[in-house]
Amino acid sequence: DVKVTQSSRYLVKRTGEKVFLECVQDMDHENMFWYRQDPGLGLRLIYFSYDVKMKEKGDIPEGYSVSREKKERFSLILESASTNQTSMYLCASTTLRQYQETQYFGPGTRLLVL
Amino acid sequence: GENVEQHPSTLSVQEGDSAVIKCTYSDSASNYFPWYKQELGKGPQLIIDIRSNVGEKKDQRIAVTLNKTAKHFSLHITETQPEDSAVYFCAASTGAGGSYIPTFGRGTSLIVHP
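Chains R and H are the protein sequences, given in the same order.
Convert by adding 6 to the 1-based position in the first sequence; the result is the number in my numbering.
Convert by adding 525 to the 1-based position in the second sequence; the result is the number in my numbering.
The shape of chain H in the complex, shown without the other chains (with noise of 0.2 Å):
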């Protein structure tokens, strides 16, 4: 089955910094990379996805990249502010005619100081 790593699980940064999260998966079939950021209390919600047609994807502030060959996928968060503290969770499937099944990393506990 699928194996997702996902690093570091930890990271601190001071506000205005930029953030990157790497993830790393095993089957070559996945073709759908989703991240998803859990605010304290609340359950993990949808933040950008890609596909694995798609090398780069950007929504304002927040990027994700895909390397297909090396099986790594990374969400980059640039001018990060309080409010991006959260837990980051990757996670890989084969969507999109596949079983819909994604496989999470183990999340990133982000923190960023004022």
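One chain only, chain R, in its complex shape (with noise of 0.2 Å):
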């Protein structure tokens, strides 16, 4: 079966902290994945990657950066956390693979930034 874990399931952090939250896969999958999640809002796609070392800005990447230095791993980073920031992030994975295009996700990470 296909696992991607996220480091935590619960952070409270202060505003102006740096966050970071960690997605580890163990597929050997090249796409990486951060969503946003909020009530009415849905998924909301902060970065990509798809291959080590490189990132592309998804629809709401402002206050946000990323870091992929292995295929398996893939953070997200809050420089400086706002109260705004306070949502649920999702990490998925997929693989680039003809027809194979399910994204597997982690359980996500509810943040709370006081």
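Simulated from the structure, these hints should not be mistaken for laboratory data.
Misleading hints may appear alongside valid ones.
[Stated by the list, open to error] With a straight-line Cα cutoff of 27 Å, these simulated DSSO-like cross-link-like pairs (lysine-lysine) come out:
1) H:K593 <-> H:K583
2) H:K567 <-> R:K76
3) R:K19 <-> H:K567
4) H:K562 <-> R:K9
5) H:K567 <-> R:K9
6) H:K593 <-> H:K582
7) R:K59 <-> R:K9
8) R:K59 <-> R:K24
9) H:K547 <-> H:K562
10) H:K567 <-> R:K77
11) H:K583 <-> R:K63
12) H:K596 <-> H:K583
13) R:K61 <-> H:K567
14) R:K61 <-> R:K24
15) R:K63 <-> R:K77
16) H:K567 <-> R:K24
17) H:K567 <-> H:K582
18) H:K593 <-> H:K567
19) H:K582 <-> R:K63
Assemble the dimeric complex from its two separately framed chains, guided by the hints.
Dropping the structure here:
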């Protein structure tokens, strides 16, 4: 079974703190994604990466950065956390193999910024 | 870019009834349409998908239909059970040679009353 794990299920941080969210997948997938999930807004893409050290902005990249130093690991960084970044963060991965577009999601990290 | 609209945002049914969730998309180049189910405290998980060369697909109690001309697709769940209660997301992407980057609908919260 594909497994996508996220470093924390719940996090509480203070405004201005630097926050690291980590994601690891065990299926040798090329693509990895970070989404933000808010009630009524669905899943919004923050950043994605299609290879090591490669990154592309999604729909809402402001206030976030990412790092992909190894194929299996994709990190989301909040340089200076703000209260409007309180949300559920979901990591996902996919392969680029044809006809295998399924996204595999981690369990999510619920972040509260005070 | 692609825009996916999903309705309704909330759907409440009695156990044993059918449930239908509808999505429309804007980009005629989209050719892959997955549906994800998100149970409480978990990440979304693929339950069924359909490609643009197929009009309908069934898997036990769930089915998906696609109308390419009208650019809409629907999820049908028959004989609903309490364990079907979850948030359902539709998505559209250009898979199979495309970017594999899905655009998600805003989600439908399905509540099945025993």
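Going down the list of hints, with the structure as the test:
1. The straight-line distance between the Cα atoms of K593 (chain H) and K583 (chain H) is roughly 18 Å, inside the 27 Å bound, and the hint therefore holds.
2. Straight-line distance between C-alpha atoms of K567 (chain H) and K76 (chain R) comes to about 25 Å, which keeps the hinted pair within the 27 Å bound.
3. Restraint check: the Cα-Cα separation between K19 (chain R) and K567 (chain H) comes to about 22 Å, which is no more than 27 Å; the hinted pair holds.
4. A distance of roughly 17 Å separates the Cα atoms of K562 (chain H) and K9 (chain R); the hinted pair therefore holds under the 27 Å criterion.
5. Pair hint K567 (chain H) plus K9 (chain R) holds up; C-alpha atoms about 13 Å apart against a cutoff of 27 Å.
6. Taking the CA atoms of K593 (chain H) and K582 (chain H), the gap is near 14 Å; set against the 27 Å cutoff, the hint holds.
7. For the hint linking K59 (chain R) to K9 (chain R), the alpha-carbon distance of about 22 Å falls within 27 Å, and the restraint holds.
8. Taken as a hint, the K59 (chain R) and K24 (chain R) pair is honoured in the structure, with Cα atoms around 21 Å apart against an allowance of 27 Å.
9. Of the supplied pair hints, the one linking K547 (chain H) and K562 (chain H) holds, its CA atoms being roughly 14 Å apart against a limit of 27 Å.
10. A distance of roughly 24 Å separates the Cα atoms of K567 (chain H) and K77 (chain R); the hinted pair therefore holds under the 27 Å criterion.
11. Restraint check for K583 (chain H) and K63 (chain R): the C-alpha separation of about 35 Å exceeds 27 Å, so the hint is violated.
12. Note on K596 (chain H) and K583 (chain H): the hinted pairing holds, with a Cα-Cα distance of about 19 Å set against a maximum of 27 Å.
13. Of the supplied pair hints, the one linking K61 (chain R) and K567 (chain H) holds, its CA atoms being roughly 26 Å apart against a limit of 27 Å.
14. For a cut-off of 27 Å, the pair hint linking K61 (chain R) to K24 (chain R) stands: about 20 Å separates their Cα positions.
15. A distance of roughly 18 Å separates the Cα atoms of K63 (chain R) and K77 (chain R); the hinted pair therefore holds under the 27 Å criterion.
16. Taking the CA atoms of K567 (chain H) and K24 (chain R), the gap is about 25 Å. The hint holds against a cut of 27 Å.
17. Proximity of K567 (chain H) to K582 (chain H) is assessed by CA-CA distance (about 26 Å); at most 27 Å being required, the pair is judged to hold.
18. For the hint pairing K593 (chain H) with K567 (chain H), the CA-to-CA distance comes to about 32 Å; that exceeds 27 Å, so the pair is violated.
19. Straight-line distance between C-alpha atoms of K582 (chain H) and K63 (chain R) comes to about 34 Å, which puts the hinted pair past the 27 Å bound.
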